[in-house]
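Engineer: From just these sequences and the hints, can you work out the full model?
The listed protein sequences derive, respectively, from chains L and F.
Counted from 1, the first sequence has number 161 at position 161 by our numbering; the numbering is strictly sequential.
Counted from 1, the second sequence has number 56 at position 56 by our numbering; the numbering is strictly sequential.
It should be emphasised that the hints constitute simulated quantities derived from the structure, not laboratory data.
No residue lacks a Cβ here, since even glycine has one placed at the ideal position from N, Cα and C.
Hints may be right or wrong, so weigh each one.
To be verified - Once the Cα atoms are required to be at most 25 Å apart in a straight line, the calculated DSS-like pairs of lysine-lysine come out as:
hint, chain 1, residue 1, chain 2, residue 2
1, F, LYS77, L, LYS91
2, F, LYS139, L, LYS186
3, F, LYS100, F, LYS139
Said to hold, decoys possible - Per the computed footprint, the stretches of chain F lying under chain L, defined by three or more beta-carbons under 8 Å from a beta-carbon of chain L, are:
hint, segment
4, 74-85
5, 101-112
As the list claims (entries may be wrong) - Computed spacing ranges between beta-carbons, pair by pair:
hint, chain 1, residue 1, chain 2, residue 2, range
6, F, GLU123, L, VAL128, 49 to 59 Å
7, F, SER44, L, PHE95, 35 to 45 Å
8, L, ILE109, F, LYS115, 46 to 56 Å
9, L, PRO60, F, LYS115, 46 to 56 Å
10, F, LYS118, L, SER90, 28 to 38 Å
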Amino acid sequence: MSTEAKKQIIDVGDGAAIPRKSDRGLFTAWRIAFFGAIGTIFYLAYTKPDPYLNILKFVPDGIAVTFQVTLGAIVLAIVIGLVTGLGRISKNRLFNGAASLYVEVIRGIPLLVQIFYIYYALGTIVKVPAVLSAIIAMAVCYGAYMGEVVRAGIESIAKGQREAALSLGMNGRQTMIHVILPQAVKVILPPVGNEFIALLKDSSLVSIIAVADLLRRGREYASESFTYFETYTIIALIYLIITLFFSKIIGVMEERVSVNK
Amino acid sequence: MSINSRRKMVEAKEIIKVYGSFRALDRVSLDVFDGEKVVIIGPSGSGKSTLLRSINRLEEIDRGTIVVDGMDLYDPKTDISKVREEVGMVFQSFNLFPHKTVLENLTLAQIVVRKRSKHEAEEKAMALLERVGLAAKAKSYPGKLSGGQQQRVAIARSLAMDPKLMLFDEPTSALDPEMIGEVLDVMKDLAKDGMTMAVVTHEMGFAREVADRVIFMDAGRIVEEGTPEHFFTAPTHERAKLFLSQIL
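Structural biologist: Take a look at the structure:
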């Protein structure tokens, strides 16, 4: 393995910011942002309960829907991504061609357009709840990106690993399951974490098709009470807290995985 | 060492392997008999590794035939995995599975391919680790082992499949000098046991001591072939003479 330089995956995504040396002290950028956002919300709700506390009471349903869409979409996207990634490296022409076509088409269409498209296109065939339509749209889009992550992860595993497994009499499938994928998961995990956070933020786009997510609930409250500035301040702070929270969790998971090597 | 049966374990005929316009193997024929130890030497780029790797079809050839243990590698009816079950291979870079312990490295293919029970596979694995002197490292991960230890584990991993033939592709080339001996000792021990072996190496001492036959390759061809005595004392081909003068 030492003779084959591992391909580096340069990844500047939506996950935790890469810590710099100066970020080690007590006041890291993450802590200032995270606790600052929580503090600000408490301060606003305490000093001006109307409208801030009322907004906070109104939106939790939306947070639940945002999570529902995000989790549903990420799970489905990982499954699609795994199949797509395997297709992209497959020697089977049909499988490979289909996977490549899918990736090219999806990556060339804006997510917002895809959400509209799947909602209305699906709607002409079967009656699908908006939430499910949103999950499918997000998963189809992110599955394409996830496919590239999976492909890069598999290709980063040294060729000698595959050869060793084959030389022991394992077939292609056994080699993939027992030797390649378990190693690729460690490489794939950080970019998948980034995709998760990106997806969490992009899930706000589904508010456009009448899914009552966090952003949608905020808009509903704002348009009734005419407190646009105050409402969107709270919405932005909630998104910030959620994404910072998960980027921290993912950062810790990455560290665990790299230590366990 | 006498060769009791003259059954051919490997029968390669007129094989050609081309990389672009470069002929890595140029009409090479090679037989390896049951129990025989063949050592393949030659300058780098001579095609010796390519020849060895074509025997278990890690390298696809462009022309010619290769029959291993009675199975034609390029017969569409041949399941190449079945051939590889019988042919162990040891690599220059060890290629142990880093995400598995030493013990799991030895049991994985036994369980998945040979369909042995976990218990049976582990017993076999421990006996082999004992044999290569690494039973104490069973629970360690490969990353914690020295190069020499990793290569001994890799040999044990191949042996766990009960192969009929072992291929060694420069097994000591990536090792620090002080670790070469321990790996060669395991290989000598294996040779003494009667294993059929094909070895690509630069270790001339090993070739002299263990080989039944030495094959010298240059520019994709076998240019000299004979017993170690013949090869090391009276080589006929100019390239072989030059090579030996440089290496010895």
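Engineer: Check each numbered hint against the structure and report the violated ones by number, ascending.
Structural biologist: The structure conflicts with no hint, since it agrees with every one listed earlier.
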